[in-house]
Structures are given as structure tokens and as C-alpha cells.
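A.B. asks: This is what each chain is made of:
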Amino acid sequence: EAEVAQSPRYKITEKSQAVAFWCDPISGHATLYWYRQILGQGPELLVQFQDESVVDDSQLPKDRFSAERLKGVDSTLKIQPAELGDSAMYLCASSPSTSNSYNEQFFGPGTRLTVL
Amino acid sequence: KQEVTQIPAALSVPEGENLVLNCSFTDSAIYNLQWFRQDPGKGLTSLLLIQSSQREQTSGRLNASLDKSSGRSTLYIAASQPGDSATYLCAVTDRGSTLGRLYFGRGTQLTVWP
Numbered sequence: 057e058a059e060v061a062q063s064p065r066y067k068i069t070e071k072s073q074a075v076a077f078w079c080d081p082i083s084g085h086a087t088l089y090w091y092r093q094i095l096g097q098g099p100e101l102l103v104q105f106q107d108e109s110v111v112d113d114s115q116l117p118k119d120r121f122s123a124e125r126l127k128g129v130d131s132t133l134k135i136q137p138a139e140l141g142d143s144a145m146y147l148c149a150s151s152p153s154t155s156n157s158y159n160e161q162f163f164g165p166g167t168r169l170t171v172l
Numbered sequence: 007k008q009e010v011t012q013i014p015a016a017l018s019v020p021e022g023e024n025l026v027l028n029c030s031f032t033d034s035a036i037y038n039l040q041w042f043r044q045d046p047g048k049g050l051t052s053l054l055l056i057q058s059s060q061r062e063q064t065s066g067r068l069n070a071s072l073d074k075s076s077g078r079s080t081l082y083i084a085a086s087q088p089g090d091s092a093t094y095l096c097a098v099t100d101r102g103s104t105l106g107r108l109y110f111g112r113g114t115q116l117t118v119w120p
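Residue numbers (the working numbering), protein chains in the order written: chain A, 57 to 172; chain B, 7 to 120.
To be clear, the hints were calculated from the coordinates, so they are not data collected in a lab. All figures in this text were calculated on a predicted structure; none of them were measured in a lab. Don't be surprised by glycine CBs; every beta carbon is placed ideally from N, CA and C.
Beyond 12 angstroms from chain B on every Cβ pair, some chain A residues (computed):
#, residue
1, I68
2, S72
3, Q73
4, V75
5, S83
6, E124
7, G128
8, V129
9, T132
10, P137
11, L140
12, G141
13, L172
EDC-like mimics (lysine to aspartate or glutamate), calculated; alpha carbons at most 16 angstroms apart, straight line:
#, chain 1, residue 1, chain 2, residue 2
14, B, K7, A, D112
15, A, K134, A, D113
16, A, K134, A, D80
17, B, K48, A, E59
18, B, K7, A, E100
Using the sequences plus the hints, can you model the full thing?
C.D. replies: Now the structure itself:
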């Protein structure tokens, strides 16, 4: 069964360092999402791609976060510099459809980031 | 902005009980509603997706209902088992959002003890 892949699964870093997360969506899925989930809360959208284009990055802290999906397939989310408040689970999801009516999202296993 | 609330925040029950988890949302203009399961430290597993035109969906021991006009959904778990222990998250796709953004509740942490 096709799955969303993410790496690394766990990342520990010191504040002010740079970190990067990678996501490979289910093959053929045009829409890719990055969510951040702080412990005890629900996930919140950081950025959404349609193919290689960003369609929503309104919640992305652009002074330190960047995201790209150069060929419209896999994606990288970067934080530079990391801050203590960035400690969270970073989840990637993909969806096969551009239609909101049938937008079932499939999630990867996540990357747990700890900033010391 | 869409706000999603889940009640209760935590639930602890003995094995075999039938359970109801509640989800409410503030804006009834949604495309669909999804229920997810999340095990500790893991990603999200989709359980059920209900389109806005539907009233309910069933999968095995799970049944989810949707009352869009009142902004409510319930997840019913029949004959609970210890393996059902996890956090259950409700999320809606808002018609006012860009291409399918999900708004999540904080989840209900379920513990089923033998």
C-alpha cells in the first residue's frame, strides 16, 4: 500500500542550528501539505503546495522557515535558525485531488523535532 | 476562522464499552469532515471521511455521523478494545479555505483498559 514517507523520524538540535525535513508523497498526489503539531494540540497547516507551486503559506514563519517542492514531487521544509519553541512534530500529508469535495489527506509518520 | 472543539479531552473506560466522541465546528460551510487516529509519537491514520452531503460513514466497529447544520459530528466506537487506545482527532475542510486546508481539534485521548 502506498504511503507518505518522511525523514528523519527524530531530530535533536541545538537552538540557532539549521534543520531540514524531507517528505515524499504518495505517487501521483498533486497536493502536498506540511503541518506542525505542538504536544497536546491538533496539527496546524504551515504550507500547502499544488504541484510545485505554493498555494498557502500564510501560517509559515517566513523569517526562519522555508519550504520547496522543486519538481512537484518530494518536498523539503527547512528551519534556520531553530528556536526552542520550534520543538514539535512536523507532519507531511498528500492528497490526490485538486477538488475540495474529495480531499482526503494521507499523512506520513512525522518528524519529531527537539530543540535544546 | 474555523474553530474545531473536541469533547471530552480524555476518556478512560474498561474493555467492551461502547463509546461516543464528540466534535463541533463553528462554520457549517465545510466540504468534508475526517476522523483520524494518532498513536503516541506517530503520524495520523485516517479512519473515516464524511462528505458534506452525507450523514454518516461506517468502518467495522466505527461509525461517524455528521450534522452540518448544527456543526457537530460524533464518532461511535462499538465494543471497545485495549488496541483502540490512542488519540482521536477530528478535522474539517473549510469551504472558505484554499484547496483543502484541514482545521483540527485538539483530540480526545482514549484509554481502554482490560
